[in-house]
Amino acid sequence: MPHLRAGYNLARWLLRNDHDADDVVQEAIVRAFRFYEGFSGNNPRAWLLTIVRNSVYTFLQQNRARELGQEFDEELHTDTGRDSETPEVLFLRSARARSLNDAVEKLPVEFREVFVLREMEGLSYKEIADVARIPLGTVMSRLSRARKQLQAAVGRQEQAGSAS
Amino acid sequence: MNCAETRRLVDAYVDNELDLRSALDLEEHISGCDACDADEKGLRELQSSARANLTRYSPSPELEAKLREAIGAPRTEAPRTLIVPLKKRWSWTALAPLAAAAAVLIVAVPRYLQRPPELADSVLNAHVRSLLADHITDVASSDQHTVKPWFQGKLDYSVTVTDWVAEGFPLIGGRLDYVDNTQAAALVYKRAQHVVNLFVWPGKPGSDEAVKRMCRRGYNAIYWSKDGMHYWAISDLNETELQQFVELVRHKG
Numbered sequence: 001m002p003h004l005r006a007g008y009n010l011a012r013w014l015l016r017n018d019h020d021a022d023d024v025v026q027e028a029i030v031r032a033f034r035f036y037e038g039f040s041g042n043n044p045r046a047w048l049l050t051i052v053r054n055s056v057y058t059f060l061q062q063n064r065a066r067e068l069g070q071e072f073d074e075e076l077h078t079d080t081g082r083d084s085e086t087p088e089v090l091f092l093r094s095a096r097a098r099s100l101n102d103a104v105e106k107l108p109v110e111f112r113e114v115f116v117l118r119e120m121e122g123l124s125y126k127e128i129a130d131v132a133r134i135p136l137g138t139v140m141s142r143l144s145r146a147r148k149q150l151q152a153a154v155g156r157q158e159q160a161g162s163a164s
Numbered sequence: 001m002n003c004a005e006t007r008r009l010v011d012a013y014v015d016n017e018l019d020l021r022s023a024l025d026l027e028e029h030i031s032g033c034d035a036c037d038a039d040e041k042g043l044r045e046l047q048s049s050a051r052a053n054l055t056r057y058s059p060s061p062e063l064e065a066k067l068r069e070a071i072g073a074p075r076t077e078a079p080r081t082l083i084v085p086l087k088k089r090w091s092w093t094a095l096a097p098l099a100a101a102a103a104v105l106i107v108a109v110p111r112y113l114q115r116p117p118e119l120a121d122s123v124l125n126a127h128v129r130s131l132l133a134d135h136i137t138d139v140a141s142s143d144q145h146t147v148k149p150w151f152q153g154k155l156d157y158s159v160t161v162t163d164w165v166a167e168g169f170p171l172i173g174g175r176l177d178y179v180d181n182t183q184a185a186a187l188v189y190k191r192a193q194h195v196v197n198l199f200v201w202p203g204k205p206g207s208d209e210a211v212k213r214m215c216r217r218g219y220n221a222i223y224w225s226k227d228g229m230h231y232w233a234i235s236d237l238n239e240t241e242l243q244q245f246v247e248l249v250r251h252k253g
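Each protein sequence line maps, in turn, to chains A and B. Using this note's numbering, the first residue of the first sequence is number 1, and each one after it goes up by one. Using this note's numbering, the first residue of the second sequence is number 1, and each one after it goes up by one.
Certain hints may be false.
As the list claims (entries may be wrong) - Pairs of lysine-lysine residues, derived as BS3-like cross-links and limited to a Cα-Cα distance of at most 25 Å, are as follows:
1) A:Lys-106 - A:Lys-148
2) A:Lys-106 - B:Lys-41
3) B:Lys-204 - B:Lys-226
4) B:Lys-252 - B:Lys-226
5) B:Lys-252 - B:Lys-204
6) A:Lys-148 - B:Lys-252
It is worth saying that the hints were derived from the structure and are not from the lab. These numbers were taken from a predicted model, which means no experiment stands behind them.
Given the sequences, and given the hints that come with them, work out the whole structure.
Rendered as structure tokens:
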């Protein structure tokens, strides 16, 4: 069931913890199949991702509203958490993979969403626009800004690693 | 195209979302501009790094069981309708990780082209069944010289097997299936996270039919006949990329 797994992966990336992802995905899927009796529309994958995505946003609005609509703060979002992890530790844990994962987690949720849908699920801009309910131009600009932030964050992380 | 325009469009370019004309203009610009060329390479690096390094989270077995129940899917494997006697048994469970992978299946089936709509359902069901049950390949190999002989012992006709990895459609294996009450062979390919099926079976000797398309339940299908063989390509991939795959099979295979 690749579509369900894609839905779970999206929820986990947007919510950033297993417990909330489990709850939100289960509720989203059970409700969707109870009310709609299965897939509808002509793109079951996008349909499922949309359901999961909408449930995630409802959950965030009710429980973690501060995470929504964050402005892109270049200083804030390029800090890759060096305070909590020493360079030595990071180096031991496949620094590149770790710093990229950390950097994606630190993106504001609306940017993280677009990046995950594009790079992990391989969705087209049009599909991302449909799932995230944003115009195509916004897909493009969010993706572009997300990538610039990630490049800056990973670059800083690697500099920090090589300086030790 | 100048640097400002290139910066605005380069993301769409690396995502294959740019129209051909703009893509050519952009390529011309970056071939003569080191800064923009570096931008483009940087984006591609980030892209491949993201694909290789980002953690892909999966539901726990408990959650997965609950989800399967909610959608009415079988807890373990879909019931197998394949009755064809096979010469050996293989492990389905070892192939489970392929579920997330995109795939192209080539399935060969004798006769039955006379009823395209019913055949479409039959082919589509085989495709969906293979995904739901995580049963995509019987022989998992990217080597065409492994996959082709695997079929030879099981079918009374030969199936052309080509690995299109350089063209972006890596072969991941093959399997036998059962389509429209008929024995079928399948070749499995990847395309990013998408799944595509191409069905091939022998028809009347020498029969050729033009390429036709249909869209059903969110899956695109492209089908045709050539040199006495019928072909069905099916996928949740977009039609443009599925067409690219079909062109490879038709003209380079």
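Tell me, which hint numbers fail for this structure?
6
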